[in-house]
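Asks: Read off the chains here:
Number of protein chains: 2
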Amino acid sequence: MSNQICVVTIVGSTHPNELIGYHLVKKFEQFPELLQRDSFKCETVLANIKGIGTGLRYLDRDLNRCFGNEDLANLKLTSYEDIRAKQLNTLLGPKDRPKSDFIIDLHSSTANMALSILPTTKHPFNLKLAAYLTTLHPAVRVLLGVDCTQNAPRLRSLTPLGCAIEVGPIANNVLNADLFMQTEMIVHSILNYIDAENKGKSLPVPSTLTAYQSLFSIDYPRDSSNEIQAMIHPQLQGQDYEPLYKGDPIFLTFSGEKIDYESESTVYPAFVNEAAYYSQGVAMTLTQKEEIEIW
Amino acid sequence: MSNQICVVTIVGSTHPNELIGYHLVKKFEQFPELLQRDSFKCETVLANIKGIGTGLRYLDRDLNRCFGNEDLANLKLTSYEDIRAKQLNTLLGPKDRPKSDFIIDLHSSTANMALSILPTTKHPFNLKLAAYLTTLHPAVRVLLGVDCTQNAPRLRSLTPLGCAIEVGPIANNVLNADLFMQTEMIVHSILNYIDAENKGKSLPVPSTLTAYQSLFSIDYPRDSSNEIQAMIHPQLQGQDYEPLYKGDPIFLTFSGEKIDYESESTVYPAFVNEAAYYSQGVAMTLTQKEEIEIW
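Respectively, the protein sequence lines represent chains Y and F. Counting in this note's numbering, the first sequence runs from 91 upward without gaps. Counting in this note's numbering, the second sequence runs from 91 upward without gaps.
Hints may be right or wrong, so weigh each one.
If chains are identical, the list can't say which one is meant, so a pair holds when it fits in one copy or spans any two.
Said to hold, decoys possible - Using 25 angstroms as the maximum straight-line C-alpha spacing, the simulated DSS-like pairs for lysine-lysine come out as follows:
(1) Lys117 - Lys348
(2) Lys379 - Lys131
(3) Lys117 - Lys212
(4) Lys348 - Lys116
(5) Lys116 - Lys189
(6) Lys348 - Lys166
In short, the hints are calculated from the structure, not lab data.
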């Protein structure tokens, strides 16, 4: 990549049941002038086209797990999402020489993710941008460490600059006007920031970034047939990014017993009670809060 | 029906993506003593068995629309849900001489339905029970008029006594511990009420019932290709059962224009922003608030 960002891509419907991204892309397609900036071209893509309108996260396979190098090179993978990933790789990639310089992948979550920015990599450009975004709205959070290096399976791994935006809480297959408008605000702010950088007129960025670094995920308690045996405890429900201390309740079994967090180390959960993660063995992701020097 | 209620049926997974009902039925199956009352037998049923674990509302057809008399009698209808409806009709019905005397059908909604009781019919028994339940928790609401007379297509129409319970807001395919516990509390209270009635020791019921009578539904604004053009306005989101006056905003278009409620008559919306109703042309159901004399 040159120092100049020439092409920015806004992606919606990577998960077709997350409606904000779809309708925001449709809005931008209807009013393309909203995306016009002097110093780069901005385009939109609907990723899982065939899934749109089905109410599903995916048809055959989660599209946002189809971008690993081996899978992209494996012509025997012929599910709809595998084929679509190869198309998107041609359109936006390939990873070693991407046509898109910056990908914004629009997502939503049933968890209280507020306005989460997930930088694709820890490239200084991404971190500075994230730090800038934290100054714009008190609900902006920066979540690091969902691994999007070159061999990551996520769509946004096609190019090192960019981010996913995860807003919530919102049910799948519904819209929420506040979260829609806030997502649009974040997108416009990213475009403005890139435009300013391109022009050598950097916008003011704080010297430290407060970020949440993913550590590991924990699953629901399950029985021998893999059925969950507990729910997120009411005291933890909706408390994404809040500190979790030893002794705090995390689960409540169906028979009413609480299960506590037992480690000495204070952590900050994210993706608490995300619908798509029940089947993946993830009740929440634990993170640590970090202050990162930007300069 | 005799004056005595002999068999009560608790139904979960009529919509398999509404997890509270499923896990509550599983809990009752694990601890059947929870359902034991002196004066009647209480059984549980998982309705859309094949849909459980799919994350879907239904496989071929909404099971809760398969119980119309013509459909039940039509042997040419061979979708999974049509077949399952006939099985449930055999198990709990038929409508003119049902084996179950009282059906509790457990549902949840992405709308802020709080703890909504939807009596199957306006039979005095149902209304008295609903009035009793309103005294137990401030979040209990009574929604009337989803038509469940003899030819209604809902599962609960198999027997005139009973109700659906619609709790929310909750995303599909997740649990919420508070709503789970509140749903269980409502179920236990219904069983206790029936037991007391059976024994001739009626529990105290208020003399008037505050209920919300369904009037009609309104759809999202749509374009010529049936795409929605607006979202629920932030001022209306989550305001189920609150009064809507002339001039109050109800929708916000994607380009930011608000659309107001224009009728003179004050109404009380319910099912505002329910995920399953987007495809059915329903943004919300408008109701009127009524005070019903119970005695």
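Asks: Against this structure, judge whether each hint is valid.
Replies: Results of checking the hints against the structure:
1. Lys117 - Lys348: Between copies, since 16 angstroms is at most 25 angstroms while 45 angstroms is not.
2. Lys379 - Lys131: neither (35 angstroms within a copy, 54 angstroms between copies)
3. Lys117 - Lys212: The answer is neither: 30 angstroms in one copy and 45 angstroms across copies each exceed 25 angstroms.
4. Lys348 - Lys116: Only across copies: lysine 348 and lysine 116 sit 19 angstroms apart there, 45 angstroms inside one copy, limit 25 angstroms.
5. Lys116 - Lys189: Within. Shortest intra-copy distance 22 angstroms satisfies the 25 angstroms Cα cut-off; inter-copy 52 angstroms does not.
6. Lys348 - Lys166: Neither. Shortest intra-copy (47 angstroms) and inter-copy (50 angstroms) distances fail the 25 angstroms Cα cut-off.
In this structure, the earlier hints numbered 2, 3, 6 are contradicted, and the remaining ones agree with it.
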